[in-house]
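Visitor: Here's the letter readout for the chains.
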Amino acid sequence: MDISFKNVSYTYQLNTPFEHKAIEDMSFNIPSGSFVAIVGHTGSGKSTLIQHLNGLLQPTAGEVAIGSYRLTAEKKLKDLKELRSKVGIVFQYPEHQLFEETVAKDIAFGPLNFGVEQQEIEKRTAEALKAVQLPEGMLERSPFELSGGQMRRVAIAGVLAVQPEVLILDEPTAGLDPRGQKDMMEMFKRLHKQEGLTTILVTHSMEDALVYADHVMIMDHGRKYMEGSPQEVFVKKEELKRVDLDVPEIIQFIFKVREMFPTDLNYHGQTIPELAEELGRITRGDIHE
Amino acid sequence: MGYNFIEFKNVSFRYGENMPWVLENVSFQIKSDEWIAIIGHNGSGKSTIAKLMNGLLSPQKGTILIDGMEVNEDTIWEIRKKIGMVFQNPDNQFVGTTVQDDVAFGMENRGVPRQEMLKRLEDSLSAVGMQDYELREPHRLSGGQKQRVAIAGVLAISPQAIILDEATAMLDPNGRKEIMDTIRSVKKKHPLSLITITHDLNEVTLVDRVIVMNKGKVWLEASPRQVFSRKKELLEIGLDIPFIAKLAGHLSQQGMPLKNEPLSHEELLEELWTYHSKM
Amino acid sequence: MNNAFIIGQYVPGESIVHRLDPRTKMVVIFLFVIIVFFANSFWSYALLAVFSLACALFTRIKFSYIIKGLTPVWFLIIFTFLLHLIVTKEGDILFRIFTYPVYAGGVMQGAAISLRFFLLIMVTSLLTLTTTPIEITDAIESLLQPLKKIRFPVHELALMMSISLRFIPTLLQETEKISKAQASRGVDFKTGRVKERIQAVVPLLVPLFVSAFKRAEELAMAMEARGYQGGEGRTKLRELKIQQRDILVFGVFALLIVGLLFTRA
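Going line by line, the protein sequences match chains A, B and C. Oh and the first sequence: position 79 is 79 in UniProt numbering, straight run, nothing missing. Oh and the second sequence: position 251 is 251 in UniProt numbering, straight run, nothing missing. Oh and the third sequence: position 244 is 244 in UniProt numbering, straight run, nothing missing.
Just chain A, same shape as in the assembly:
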């Protein structure tokens, strides 16, 4: 589903003394099937933004379009539930939403609410569990006796079982150890490709945005600050610095190399081994890179 924002603003507690503008005049397009990273500091409006995508919030001005669904300030969306079945959100620390007695029941909760048939639910539950790489034997266990990482996977399976077309991930790796973080991101990358999802990743990690996204949007104080491909956005050191964001480490290092050596070395999406090769050539004196 294509997603587009047209001059969208959202103000909390509108028309009260506690009024607070969270996002302001945002316009952008996300074509179906893209992997978009939304980057910005805490309080830049990222969470408010994603809550518009499944109608948890209704814009106070402007129009949000998700596929054929329209959200505006004036009109309440009638088929809200239908929209929610197509846009899945994995919230921060999703394991906090688990509540059922068994893993199977918790995963089935979403599909059940959206009126999926019992037989189909069973099929989906098994599939979702497999997609998050948990063993089948886990289905009848209580989610509360699993490890933190496993609980998170169960919660994610619960969102996947609804079979959304758009998957929104709010800091999905927070609190995991380095290997857990990498495994989790690789899992989303695979799902994105396999299921042909539109994936929106909200993150603080420039490194993840660089590696996994094909489009990056930077937010600052409720506004869109920049957008483009990771290669375009992340080389703009000065602009990023102005909103107190860092350039990914590999690019930082390339900049430093350029200051020291007479070279036109550039970031073009190379991996660390590739960069090592290039550096070898530069330091040995094969200046033409």
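Derived from the structure by calculation, the hints contain no laboratory data. Glycine included, C-beta positions come from ideal geometry on N, C-alpha and C.
Ranges between beta-carbon positions, derived for each pair: (1) B:Q29 to C:I198: 53 to 63 Å; (2) C:P153 to A:T16: 36 to 46 Å; (3) C:F30 to B:G111: 30 to 40 Å; (4) A:M260 to C:E176: 46 to 56 Å.
Here are the simulated BS3-like cross-link-like pairs (lysine-lysine), alpha carbons at most 27 Å apart as the crow flies: (5) A:K236 to B:K177; (6) A:K81 to C:K180; (7) C:K177 to A:K76; (8) C:K180 to A:K189; (9) B:K259 to A:K256; (10) A:K78 to C:K180; (11) B:K119 to C:K236.
Covered, in the sense of this in silico footprint (three residues per stretch, anywhere, with C-beta under 8 Å from a C-beta of chain A), are these stretches of chain C: (12) 179-187; (13) 207-217.
Put chains B and C on the given structure of chain A with help from the hints.
Guide: Chains B and C in isolation, oriented as in the chain A frame:
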């Protein structure tokens, strides 16, 4: 040079009779002025070590000495005066309804007279840069600010050691920076031993010595430089290595001689420059 | 913010009422609640009304704001008035609504009782408008001190109250977060039959309990690590001190009582 402030002697711990051992035969020493990082995958036993140090848990086998005192029922309150602890979740350790109440909590427990309390309150809040927030309520603070308040609360009891048990894990990059800056300035001013339990590799590069835990055992005790030179093995036990160490690894694979395992961009650039000049 | 929540919501300020010792405020209000029932003449009511209005003025909170805060109880006040109007059959018949007679005694009594009610609620709301919950907790702890002799856990009670106060906003945020997560999984909290709506609360309550227990456990551990061993030998940062202004207030209140005795019928 400091003396041995914390000593673990063949410590083993498990949560129950029929449960697997979380720690097995762990021994190490930490000096009174040392900065130590304890790293390891989730479930490697690193947080258990922290809780053993101030008697929140007690081991089934072995002994733990703090400042020469064995940790047991009779000494825990004395030991908790010597060791301050900052936990992972900023919300679940904030006891007071305002910043000043929270910082005072530890002092109140120890019966510090009110006049003295006011002075220490001011000192410790300015040490973490929170002196203008005395009356703020916790829900109006960022995660990083709450953790700074927690550090202030610990400083106020002037401990000889501070343990940070994944204190930055739930923070955003700005929050992490705040905490690391705070810690560094505290370390500069006070000669105390500092134990950081962390996943963040940038925190690890700053310390004097690293204890690497794997499956409940001490896997390696070495300087950050030595630790990051064992790249393959670290990856095998579920840990990551910093970008610079990865890059250095690939460079040496290509036959570039690196004298030292570089820890920072500048160190690696210098190596590159030396190599370049010799060509 | 909903207007209904103004009752009891603290309004920060520097007025003399704000700065009074919370114990003074609590004792005075407690006594006021009692003496209101002694008023029985026009002048005694007038005296109480003047006192209450003066208190309200001294808070320097907009009077309209205080009155607005009473919105939810206006209904009760008016209801009380009407009830007396209908039930009391004393004195002359003043007029008739359709055929139903309204007696002078009814109007008098209705007015008196509603005024009593109004004064009670307004003065009590002044306490919470000018005193932070934690100050109230401190005052309760201090006022209940004598009960310690009969082993009443005064310190523990106060600590429990202050920790609850501390965690209310945190739990509210958490509730919102979880309800949004479950709404995204298709739970409908707002429509449907009563039974369905009650069922919809389960996916909200279970995670909340789980997290509250986890928080409690971690908090207990953090408190222990910070040397908490109960109330024995503890010192306190928060300090309550009776100032001159508190003595002044007690003086004025004593005069009010004397005045009330004189104006009573």
